[in-house]
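2 protein chains.
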Amino acid sequence: MRNIFIVCALLACNLFMNAQESEKYPLGDYTELTDTKPHDDAATWDKLGTPTQLSWGSTDVRYPKLSIPDVRKTNRWRTKAWKGERVNAQAVLWTKTGVKEAQVSVSDLRNGSHVIPASAISAHFVRYVMTDELNKDRKGGCGVRENKAEWDSSLVADVLDIVKVRDIQARATQPIWTQVRVPASAPAGTYKGILTVSGKDLESMELRIEVDVTNRVLPAPKEWAFHLDLWQNPYAVARYYQVPLWSEAHFEAMRPIMRMLADAGQKSITTSIMHKPWNGQTEDHFDSMVTRVKKIDGTWQYDYAVFDKWVEFMMNEIGIDQMISCYTMIPWKLSFDYYDEATNRVLFVDTKPGEAAYADYWGSFLKDFARHLKEKGWFEKTAISMDERPMEAMREAIKVIKQADPAFKITLAGNYHPEIQQDLYYLSIPYGHLFPADVKAERERKGQISTMYTCCAEAFPNTFTFSDPAEAAWTVLHALAAGYDGYLRWAVNSWTADPLRDSRFRTWAAGDTYSIYPGPRSSIRFERLVEGLQDCEKIRVLREEFEAKGAQGKLKRLNKAVAQCTPEGLAETQRSASEMVNELHSLLNNL
Amino acid sequence: MRNIFIVCALLACNLFMNAQESEKYPLGDYTELTDTKPHDDAATWDKLGTPTQLSWGSTDVRYPKLSIPDVRKTNRWRTKAWKGERVNAQAVLWTKTGVKEAQVSVSDLRNGSHVIPASAISAHFVRYVMTDELNKDRKGGCGVRENKAEWDSSLVADVLDIVKVRDIQARATQPIWTQVRVPASAPAGTYKGILTVSGKDLESMELRIEVDVTNRVLPAPKEWAFHLDLWQNPYAVARYYQVPLWSEAHFEAMRPIMRMLADAGQKSITTSIMHKPWNGQTEDHFDSMVTRVKKIDGTWQYDYAVFDKWVEFMMNEIGIDQMISCYTMIPWKLSFDYYDEATNRVLFVDTKPGEAAYADYWGSFLKDFARHLKEKGWFEKTAISMDERPMEAMREAIKVIKQADPAFKITLAGNYHPEIQQDLYYLSIPYGHLFPADVKAERERKGQISTMYTCCAEAFPNTFTFSDPAEAAWTVLHALAAGYDGYLRWAVNSWTADPLRDSRFRTWAAGDTYSIYPGPRSSIRFERLVEGLQDCEKIRVLREEFEAKGAQGKLKRLNKAVAQCTPEGLAETQRSASEMVNELHSLLNNL
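Protein chains in written order, with my numbering: chain U, 8 to 598; chain B, 8 to 598.
Next comes chain U alone, as it looks inside the complex (with noise of 0.2 Å):
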C-alpha cells in the first residue's frame, strides 16, 4: 500500500488509484459510503436494452444512485447565457454492467470563428456523501446529533468531484455536472459543441451543447452588489490536508478554494480574534488570529502575524477586500485566551461585558488594534464582530468598542435590536425577519448593511446535503425580493470527520457547516447558490437598465417575479422553489 502510493505519487497517477477505504482525508479518488436504501433490483436494471445510457437530465434532481434514473431521453442542452455567467446542466450515464475508466470530454463550443474554448468547460462525476434528515418534527435541523442510528441516512449526489477517470460500478447511476463558463468577451451567439463520454470497453457516447450568448453582460464577481457573507475556517483545511497552519502549504490549500468564495462575489475575510469564537462547535474549532502576550508587569502584547499574513492573503492573492470581520468580543463561553508570559502557559480570563477584566482585556486590545489596522490602511473595513447575546451584554460591549475608537465599526447576526441598531454597521437577522421599512432605508443612507442569514433553523429554504438543489438559489433571490442586502452563512467549509464521504456531524442536519468540499470539489448546493447569486447581479442590472430606458412594462414583469421570491409567493403561485427559480431564471435571459 505504502509502495503503491509512492510510485503513484512519482508518477503523478494517483487519480487513477483504486480508492483506499485506509485514507482518512483522500484528495485524489475515495470510495463512497454503502447505499442502503432500497433501490431498483438486478431484474429491472437487466431490463435495460442499451447496457449503458446517457442523457442530459435536470440540475435540479439528486439522481439516486442505484436505480435507473427518471429521465426523458435528450442528447441536447440548450440554454442562454450572458456573456460572462456561468451556466450548468446535469448529463446522467446509467449502466447495468459498470464503466471502466470512465472520462468526460468537451469539446470547444463554436459559432462560426467564435469560441468558447474546451478549456472553459467543466465536467465532474457527481459523488455520492451521506446525508440525514430534518429533525423529526420537520421544523428545521438544529441539535445535537450524537447517536446517528437516531437519524434516517442515506447517500445523496453532491459533491461534483475532480478526480477525471474513474470506475463506475455496474447497475448504477452516475451524473455527470456541466458548467461553460461564457468569457466576458464572447460575441452574442449560438455556441455549439459536444460532451463525450468514453470507457474501456465502451463505444463512446456524445451529448449536445448549445449556448445561446446573449448580448448582456454579467459583471465580474467582484463587482456584485450582493453581499454574500460565508465563513470560512482556515483550521479545517490544515486539519484535511495536514499541513502546519498558516504555512506556505496551508495556503497553497486554501487558494482554490477561497477563489471559488471570489468567483461568488464574496466580500468578507472570517477572522477570529480570540480562541474558540463559537465554543468549538465545528469540528475544527477557530482559535486566536492575534497573539495576545500577558506580560509578567500586567501590560498586553499583540502580535498580529498571522492575522495579517491571512487578510493579506484573502486580500492580495484571493481579491476578498471588501470586509474584515473580527470574531468575536462575546462569544457563548465568555472566556478569554491569552499566552502568559509568567507561566508560559496560554491562559484563560471569565468575565463577562460589563466587568473591569472585559473591559480590560478587549479594552486594551481594541486601541491597539485599531493602531494596527490603521498602519495597515483596514480600519475602514474592518468590524469587530458579535453573536447574539443578551441586550445589557452586547450594549457593554459596544460601550467598550466605541470607548477603543469610536469610528470602530460593528456587526451583529443575530436578531433585529431596535435599540442596538443603530451602531451596527453591518447586521444579519434570520431568514423571515424584517426590518422595519423606516429602518432599512435609514441605515442605507447611512451607509450600512443589513442582510440575512440561514442556519440550521430553516427546513426551507436550506442547503443541507438533503435540501432540494433549487433551494440555494431561491434563498439568495428571496434575500434580494425582501430587500436585504444580502445573505450570510456562517460556514462554508467547516468540515466533518470526513467530510467527502459523510456530511453528518454530531450537531445540525447533515451538510449544515460546509457547501465546499476537500479537493477543492465544489457540490450541487453551491454551483445553485452561484446561481442565484448571478441572477441576483442579472436583476440589478436589469432593473438599472429599464429604469435608465424607462422600459416601465419590462422593469414591472420582473419586478413582479422578483417579488414572488417569498413564502408566500411559492403559495399563491402554487410553484415549488425550482419551478420559481427556473422561471425567473429563464426570465432574466429573455426580458
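Please keep in mind that the hints were generated in silico from the structure rather than gathered at the bench. Among the hints, erroneous ones may be present.
A pair holds if it fits inside one copy or across any two, identical chains being indistinguishable in the list.
[Stated by the list, open to error] Calculated cross-link-like contacts (lysine to aspartate or glutamate; reagent style EDC-like; alpha-carbon spacing at most 20 Å):
no.: 1; residue 1: LYS301; residue 2: ASP344
no.: 2; residue 1: LYS316; residue 2: ASP304
no.: 3; residue 1: LYS302; residue 2: ASP344
no.: 4; residue 1: LYS302; residue 2: ASP315
no.: 5; residue 1: LYS207; residue 2: GLU157
no.: 6; residue 1: LYS388; residue 2: GLU319
no.: 7; residue 1: LYS567; residue 2: GLU551
no.: 8; residue 1: LYS447; residue 2: ASP159
no.: 9; residue 1: LYS374; residue 2: ASP174
no.: 10; residue 1: LYS199; residue 2: GLU39
no.: 11; residue 1: LYS146; residue 2: ASP115
no.: 12; residue 1: LYS302; residue 2: GLU259
no.: 13; residue 1: LYS103; residue 2: ASP375
no.: 14; residue 1: LYS302; residue 2: GLU319
no.: 15; residue 1: LYS302; residue 2: GLU255
no.: 16; residue 1: LYS301; residue 2: ASP115
no.: 17; residue 1: LYS103; residue 2: GLU362
no.: 18; residue 1: LYS301; residue 2: GLU255
no.: 19; residue 1: LYS409; residue 2: ASP394
no.: 20; residue 1: LYS107; residue 2: ASP168
no.: 21; residue 1: LYS406; residue 2: GLU552
Given the coordinates of chain U, assemble chain B onto it according to the supplied hints.
Coordinates of chain B only, in the frame set by chain U:
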C-alpha cells in the same frame, strides 16, 4: 472564620489565632499532624514533680514530642564564637499541664559596656513534621512512594517556627531553638544574658546564655570560598503563598527565603530555560523563564522578561550573583516547549541531541541568549546546565552550545566523565565519587569549579527530615575534607503539598526536596548545614592564617581533624557524625 481572619489581619494578630486545620497553606500558626508513635504514658508524665520544666539540651537531638526528654538538666549554655558567626543551642521545655500562650524572650548579652543586642538573638519553637524512613534495604531514599502506608511514618522535630506565642499541650515536649548572631564588630570577651520562657499562669523560667567571642572574624557569607549550590524553586513559593508568578507579591514572598540562602553563602541562581527541565518531578514543576515564540514564518523570537526579573532580583536585592545556572539542555524527557504563533498554543518539539531539530531549537536560542547575556553583562556568569545523560547526547549538546558561542560556560551535575570534564566549567559529582587528583588540580588552575552532591541516594550523610541533624554539617565538612570546591543539593524549597505538616513526598525519603519551610521557617537541618558551612570557611581562614604564620603544628592538627571527615575517618575514629562535627567545631574555636 472569615470575619476572624479579617479582624486579625487588621490587628496584625494572626500569630495569635488558633491554628485552623482548614487552612491549606498556613503562614501563621498551624496544627501539627498526630504523632501515632508509642510515647510516655500519662502515668509517667504525672510523676513529674515540677509540672513544667526547662533546660538546655543538644542541637544534635530531635526531641520526641510526647515523651519526657532525655536531658541532663542545665540552665547555662556556654559557647565560643567567632565574630560574625551564628551559634546555635537548643533548649527544651516539657510540661505535664501544658502552657497557654507560651513565649520566649531573650535579653541583651552583655560584656561590661559591650552588648550583643537582643535583636541579634532569636528563639524558635521547634515544630514537628511528618517524616518517613529510608528504603527497606536501608541503602538510601530513592524511588517512588505513592503509597504512604508502606512506609513507617513518624513526627519529628525539624521546623523552626516563626510564631512567637503559642499554646503548648499537656504532656508534651517543646524544644526551643536559640541562635545568637555575633556581630562582626563585637569586641572579644564573654557576653552574658538570659532566655526567659513565660506563659499564662506560668511562673517565668530562665536559662543563661554565655558567648565567649574570640578574636577571630568570620567573613560575611558572600565572601565564603565554599561553592554552595542549593537549587531554588520560585514556582513552589508562588503556589504556597497563592500569589501570581513573578508578581511583586511573589518576589515579596521569596525575598526572606532567598536571603536565608544568601546568608548561607549561596553562589548560584537556579534558572529554568525550558518547560519541566526535570520532567516535573517536584510538587511544583519548573517552567521556562524564557518566552520562546515560533513565528509562522518558522523563525524564533525570544523574550527574557521573566529570566531577567528573577536574575536581577537575586543579584541586586538578594546578593546572590556569582553564577546563573540555566537548566537544561538535556532534560530527562526530550520534549521542548514553545508558544506556537500559528496555533495559539504551547507546543513541544520532540527531538534529541544530534538531530537537526535539536540543533535548531537550541542553536537558535543560545545565539540569541548569548547576545542578551552580553547585553546584560551576565555572559561570564552564566552556565548552560546539563543533567546526567548518555555520553553521546552530552557530547552533541556541548557541540551545539560551542557552536552557538565557544565561550559559553557549561555545567553538569552527574557522574565524572573524563571525556567531557574539560568542557565543564562547573562539574558536581556524586558523594563518594572522586576527581583524579591531577584533574582536580588542572581544573583549579583553569578556574573550573568541582563540587559534590548528595540526593536521595545517600543513607548517610543526608538531610532527610529523619536524618541526624549533624549530618547536614558533616556533609559540607566532608566536601571540604575530600577536596571538592563546594556542595550541590538539587532542592532547597521544592515544597511538598503540605510542607509545614508533612515532609513526605510521592518520591524519595521525606525531606529530600526542601530544608527551608514556608514562612520562611528555617529547620534544624538548614541551621546545622550553615554551621558546617561556617566551619568550612573557618577552616579556610585558619589554614591561611597558619600558613602565613608558619604555624605548622596548628596546621597539622587542623588538617588531621579535617581529613577525618570521611566515611573512613568515621570508621577509624569510631565517632558518630555529631561527635566528629562537634569536636571539629570546638577545635576551630580553640586553635
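Status of each hint after checking the structure:
no. : hint            : in the structure
1   : LYS301 x ASP344 : both (10 Å within a copy, 18 Å between copies)
2   : LYS316 x ASP304 : between (29 Å within a copy, 10 Å between copies)
3   : LYS302 x ASP344 : both (14 Å within a copy, 18 Å between copies)
4   : LYS302 x ASP315 : between (22 Å within a copy, 13 Å between copies)
5   : LYS207 x GLU157 : neither (42 Å within a copy, 76 Å between copies)
6   : LYS388 x GLU319 : within (13 Å within a copy, 45 Å between copies)
7   : LYS567 x GLU551 : within (16 Å within a copy, 111 Å between copies)
8   : LYS447 x ASP159 : neither (42 Å within a copy, 81 Å between copies)
9   : LYS374 x ASP174 : neither (58 Å within a copy, 58 Å between copies)
10  : LYS199 x GLU39  : neither (35 Å within a copy, 97 Å between copies)
11  : LYS146 x ASP115 : neither (46 Å within a copy, 90 Å between copies)
12  : LYS302 x GLU259 : between (35 Å within a copy, 18 Å between copies)
13  : LYS103 x ASP375 : neither (66 Å within a copy, 70 Å between copies)
14  : LYS302 x GLU319 : between (28 Å within a copy, 17 Å between copies)
15  : LYS302 x GLU255 : between (30 Å within a copy, 13 Å between copies)
16  : LYS301 x ASP115 : neither (61 Å within a copy, 51 Å between copies)
17  : LYS103 x GLU362 : neither (69 Å within a copy, 58 Å between copies)
18  : LYS301 x GLU255 : between (29 Å within a copy, 15 Å between copies)
19  : LYS409 x ASP394 : within (17 Å within a copy, 54 Å between copies)
20  : LYS107 x ASP168 : within (17 Å within a copy, 88 Å between copies)
21  : LYS406 x GLU552 : neither (44 Å within a copy, 76 Å between copies)
The structure is inconsistent with the numbered hints 5, 8, 9, 10, 11, 13, 16, 17 and 21, although it conforms to all the rest.
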